[in-house]
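Protein chains: 2
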Amino acid sequence: MSAPTLDNDTGWFTEICTKGGSAFSLRVHARLHAEQTPYQHIEIWDTTEFGKLMTIDGFVMLTGRDNFLYHEMMSHPALFTHPDPKRVVIIGGGDCGTLKEVLKHPGVEHALQVDIDERVTRLSEQYFPELCESNQDPRAELYFGDGIQWMKEASPGSVDLVIVDSTDPIGPAEGLFSEAFYRDVYRALGNNGLVVQQSESPLLHYENIIRPMHKAMREAGFADSVSLQFPQPVYPSGWWTATLAGKRQVTVFRDADALAKPFVTRYYNAAIHRGALAQPEFFLRGQPD
Amino acid sequence: MSAPTLDNDTGWFTEICTKGGSAFSLRVHARLHAEQTPYQHIEIWDTTEFGKLMTIDGFVMLTGRDNFLYHEMMSHPALFTHPDPKRVVIIGGGDCGTLKEVLKHPGVEHALQVDIDERVTRLSEQYFPELCESNQDPRAELYFGDGIQWMKEASPGSVDLVIVDSTDPIGPAEGLFSEAFYRDVYRALGNNGLVVQQSESPLLHYENIIRPMHKAMREAGFADSVSLQFPQPVYPSGWWTATLAGKRQVTVFRDADALAKPFVTRYYNAAIHRGALAQPEFFLRGQPD
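Going line by line, the protein sequences match chains A and B.
Going by numbering that gives the first Met the number 0, 145 is the number at position 146 of the first sequence; the sequence numbering is gapless.
Going by numbering that gives the first Met the number 0, 3 is the number at position 4 of the second sequence; the sequence numbering is gapless.
The following block holds chain A by itself, in its conformation from the complex (with noise of 0.2 Å):
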């Protein structure tokens, strides 16, 4: 991947992405922040027509028009799977939005968001703060730290749910997408235990990311796994997944307590989960696009 580049003559924030052979890019009026902590590089753009733009490293995280997609789809499907989700925990998340998709169900007792940049959630309370609006539920803590050691020191099945909402497996990620991270995750999971991991494109991802990720999850030790597939527009060919794994059956769900479900989303409902449950035809047959 090249870097991003900010022609300031046209104002644009361009990503590209060498490997698939594309680009895409935002048009800016300004880059409001910049700076480096010791984990990445994060910038923070005001666009024009998308609202405010996250970047780390070079790469588009979320922006505030299109954001909702990604973060329902991370939260609601696993959670309207999960028997009765209480305890959940977010690996990465750092700009506090799948947070607070989690703590509209009040089944929740406590999630614990655990990144290992503050300033993520420093610049997401300061120019998305809409996604900090539950920050201060009592039922939320932040945590900033290691989410592979914090796996790996959890007491055995004290988790219901855990979302794996990273950035790409490059650089810091990699270690999160392991057979080895999935064993410590089934070990912290209680017996109907569920983990949701952001999976990446279908069309560019399939065979290097996608069908590696369901082998390491199964040989860890979970039953069943499906990718959900969801559209995200700002990600590179706005088709993206997030995979889900659990000790039981993870095709099914509590459609009726969705189709009841006592908050307001902007993309999920129970026919939305159905649907991002079906399959590419591709997918079936196990091979790429």
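Any given hint could turn out to be false.
[To be verified] Derived Cβ-Cβ restraints for the label pairs, each shown as a range:
(1) D136/A - E132/B: 54 to 64 Å
(2) T47/B - N191/A: 41 to 51 Å
(3) T36/B - F143/A: 51 to 61 Å
(4) A222/A - S177/B: 49 to 59 Å
(5) T36/B - V263/A: 45 to 55 Å
[Unchecked claim] Computed footprint of chain A on chain B; a stretch qualifies when at least three of its residues, placed anywhere within it, have a C-beta under 8 Å from a C-beta of chain A:
(6) 44 to 57
(7) 108 to 121
FYI, nobody ran anything at the bench for these hints, they're computed from the structure.
Keep in mind that this is a model prediction, so the values were computed, not measured.
We put the CB at the ideal spot given by N, CA and C, even for glycine.
Mind docking chain B on chain A? Use the hints.
Structure of chain B alone, referenced to chain A:
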């Protein structure tokens, strides 16, 4: 919209969506062809990762890599919704990709493609031969003329399914998005008749295209309509719709037949069809994103 740019130093084709404040680029080896027809400016590019690319007036029409998503979703859901589709008319669709999918259905007796610009088809035959494999099928008929005029003159009740596979609703295709056109379509259709039309992005065009299209279709007489959702990576936002309207209900389909389809697809199957019928929560509320 601005003109596309090809920076010969870096070798990128870029489509700028000025209103959307975004741009999408594909890395290209070369531009293979460019011509001004009486109707539009057609270019063919050789991309590094997406196969061949056809653009019209600077807008991405299709690539070899991902057109299967669009062509399958423009044809199979409608064909499996009609109880017994025999006579299909495609308005636009000059690249012949939709025609090829339509002719995979053994029950189809006649499929007429009406595109105003013969050069689109001739260039597709040359650069996208895989889309033109069924052009010699005895059931296929290629007619080069004005689809709006054709529809005005069609015999009442003579068609089972109309597929409007057009460019964006600006320029020559604008009339294909009007209530007057849908009235002509309605008259041309038999009792179980259906129309399906590409209807742009749920994220970018809900208010200004998708919602007005439903209104115009209903006012033209159609009893039911729904926007099928699917990924389309090379179109703005990567998330696209095909709006299906019928003289009867369009949200049920011949799912047993779809499950037992006697042909190969890469994306479409019965579960994907059901999933495409699921409407995002903001559609149900009738509000923009």
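Going through the hints against the structure:
{"no.": "1", "hint": "D136/A - E132/B: 54 to 64 Å", "in the structure": "holds, 58 Å"}
{"no.": "2", "hint": "T47/B - N191/A: 41 to 51 Å", "in the structure": "holds, 46 Å"}
{"no.": "3", "hint": "T36/B - F143/A: 51 to 61 Å", "in the structure": "holds, 60 Å"}
{"no.": "4", "hint": "A222/A - S177/B: 49 to 59 Å", "in the structure": "holds, 54 Å"}
{"no.": "5", "hint": "T36/B - V263/A: 45 to 55 Å", "in the structure": "holds, 49 Å"}
{"no.": "6", "hint": "44 to 57", "in the structure": "holds (count 4)"}
{"no.": "7", "hint": "108 to 121", "in the structure": "violated (count 0)"}
Hint 7 from the list above is the single one not met by this structure.
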